[in-house]
Amino acid sequence: MSELRMENLVARYGKVTALDRLNLTIKDGELVTLLGPSGCGKTTTLRSVSGFLKPDEGNIYIGHRNITDIPPEKRGIGLVFQNYALWPHMTVFQNLAFGLELRKVPLEEIRKKVRSVLSIVKLEGYEDRYPRQLSGGQQQRVALARAIILEPDILLLDEPLSNLDALLREQMRFEIAQIHKRLGITTLYVTHDQTEAMVISDRIVIMKDGKVMQDGRPEEIYLRPTNRFVAGFMGTTTFLEGTVQTIQGDSCMLKTFEGWELRGIACGGVTPGTKASAAVRPEAVEVLYSPIGAVSGKTPAENSFEAEVDSSYFTGEVIDYHFRLGSSFIRVRGDTKRILKPGDKVTVRIDPDRLPIVPAESI
Amino acid sequence: MKLNYRPILIKTFELVLLVLSFLIIFGPMSSLFLWSIAQKWYWPHPLPQEISFAYWKQALGIEKSLAIGAVSIVPAFFLSLGIAIVTVIIAMALAIPAGYALAKYKIPFGTFVMFLFLMPNAFPQQPIFVNVLQMFTRLGLAGTVPGVIIVHILVGLVFGVWITSATFRSIPPSMEEAARSVGASAPVAFFRITLPLAAPGLLASSVFVFITSLDEFTGTFFVGLPFVHTLPLTLYSSSGYNMQFASVIALILLIPSILFMFLIQRVLKAEYVGGMG
Ligand SMILES: Nc1ncnc2c1ncn2[C@@H]1O[C@H](COP(=O)(O)OP(=O)(O)OP(=O)(O)O)[C@@H](O)[C@H]1O
Ligand SMILES: [Mg+2]
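Taken in sequence, the protein lines are chains A and B. Sequential numbering of the first sequence, starting at 1, is according to my numbering. Sequential numbering of the second sequence, starting at 1, is according to my numbering.
It is worth saying that the hints were derived from the structure and are not from the lab. Keep in mind that the hints are not guaranteed to be accurate.
What the hints assert, rightly or not - Result set (BS3-like, lysine-lysine): computed pairs, CA atoms no more than 25 Å apart in a straight line:
(1) A/Lys211 - A/Lys255
(2) A/Lys15 - B/Lys106
(3) A/Lys15 - A/Lys208
(4) B/Lys40 - A/Lys15
(5) A/Lys15 - A/Lys27
(6) A/Lys104 - A/Lys27
(7) A/Lys74 - B/Lys11
(8) A/Lys54 - B/Lys104
(9) B/Lys106 - A/Lys54
(10) A/Lys104 - A/Lys74
Could you build the full structure based on these sequences and the hints that come with them?
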């Protein structure tokens, strides 16, 4: 069993606390992504697990084995680096064979293993190339192959795709997900890229300042953020602030400072009478291209408001708008069939099932 | 067909550069060579009126001459070569671990240590070596080959450590970490990964130490005399009397350096083919 468990990890660099009592468990065979802003401690977490950084406090376990004080080479952890870190003076074969040679595996078996792992990463026949004779994407595959050839208990990847161009990145993320499914190695994956995290993860862990802000399945994290930080971090979020009126089961009624009533989903334990923020995502906003009266007659429909176009940005696929909604701004996406100009008056309807309402105070 | 002039221009430019660098390097050398074979050469003649290889023969010990300053330089040559080789071995044995430690670990006062190494070169050397001489006299090292070697090591170590630590610093830590992650202990990672990657830099560093030792004058002058006559000292003592003879020595001093340069170039090329990229 190779569950990876971190208990109360604390890591300091001088006065900076990079990890602040971090608790994290990655179940056997799971792929978990660490996601968070720059400097939140993702790399520090990986370096603690891989053994290149000794945490100041806390323990790390693989299964029942406490590895906190075990040197990196004895942890049975495969690593993939952001800069690939292939050894330039060795061929692909030598790069892959190095760990097996150290284990005194017979040459015939090494050959077989190298061939099989190269077929997993779709690089058959590249044994004799030197790293500099490979493209970035191919180097990344070799790096991945090198990390899995020893069949490690745990696989750690630190922003493995961030040096690739957008197209290749998208392709590789599916491949990594497939390889993970096929091999079932317990994997901890670090990325900056939300979409990447969404696509490949069984679970996403959102970090901030060395602490876990939320830990859950991708859709949970996105649709049910438990705090303002996560709500704001995921997607293109703008907030509408107000006070919670009533809560009925999942449903939450927020009264904004303008006095408008806004229905959404109660998240993160909001309670009536407290200040809360509604996290508006563009995909939950429907734009009705006419002023509010014309749409819904005398009684405005639920969650429908009049808005004024403040600015618009043409991106090709869609148009990014900033709408003025009373004293607030929201970001909205419109199709390119009908382009609005600043100053245009429209009606927006915010889908209550896709409007998380979270406590206003940030943790 | 349209002619593309750019490659032609670039090639021409390269050729001009090549010729220029040849002139810069070999210009002084050819004048040295002329001097070394000039039997008779009076102003304002642009070339010697009479030439002969007599000075070469004297220098190489083939012919004996009674001219002032004319001695066989063969023993001095081998002495210098031997001192340089021993100096390189010891200096590199010290510079590699020191450079590695300075590059990899946050050594308290690391910059200060580096500065300390630079000291002998930052000040006029004579006062330092006068002090060294006093110390060596007390230790019985003055006028001995080991004494001279120690001085050469001290002088060569400065650049040795600087270059090696810069070399190690240029290798990303992830190179060793990747090795550790596939089961290599710290020493195995160093010898199998870091050292081969650092080889070109380490070689450049040893060449530097070698040539520094071969050319070293000031320290050898204070510590080595009157018993240790290296090639530069021989050159110095003869050049006052005999320009031709001095030219011969100067040319001979150049030989190992040039050989070493070619060797380095070969090795560096091989490294590039091998994938240093
Ligand atoms: N070697 C170091 N010395 C001092 N402080 C450090 C060091 N490494 C990291 N830190 C600090 O520790 C904190 C966490 O850094 P870490 O590298 O883990 O962040 P990260 O989440 O990986 O960021 P990024 O997304 O930019 O890679 C940051 O505040 C950073 O400035
Ligand atoms: Mg990082």
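Checking one constraint from the list: CA of A/Lys74 to CA of B/Lys11, max 25 Å. Satisfied? This hinted pair is violated, its Cα atoms lying about 56 Å apart.
Going straight from one Cα to the other, do B/Lys106 and A/Lys54 come out at no more than 25 Å? 16 Å, holds
Please verify whether A/Lys211 and A/Lys255 have alpha carbons no more than 25 Å apart. 31 Å, violated
Next pair to validate is A/Lys15 with A/Lys208; report whether the Cα-Cα distance is within 25 Å. Roughly 17 Å separates the two Cα atoms, so the pair holds.
Hinted pair, alpha-carbon criterion (25 Å max): B/Lys40, A/Lys15. Please report holds or violated. Given that 25 Å is the threshold and the Cα spacing comes to 77 Å, the pair is violated.
Would you mind confirming whether the straight-line C-alpha gap from A/Lys15 to B/Lys106 stays at or under 25 Å? 17 Å, holds
For the pair supplied as a hint, A/Lys104 and A/Lys27, confirm whether the alpha-carbon distance does not exceed 25 Å. Violated - the C-alpha atoms of A/Lys27 and A/Lys104 are around 31 Å apart, more than 25 Å.
Taking 25 Å as the top limit, are the C-alpha atoms of A/Lys54 and B/Lys104 close enough? 16 Å, holds
Between A/Lys15 and A/Lys27, does the CA-CA distance stay at or below 25 Å? 33 Å, violated
Keeping to a limit of 25 Å between CA atoms, is the pair of A/Lys104 and A/Lys74 held or broken? Cα-Cα ~16 Å, so holds.
Hints 1, 4, 5, 6 and 7 from the earlier list are contradicted by this structure; the remaining hints agree with it.
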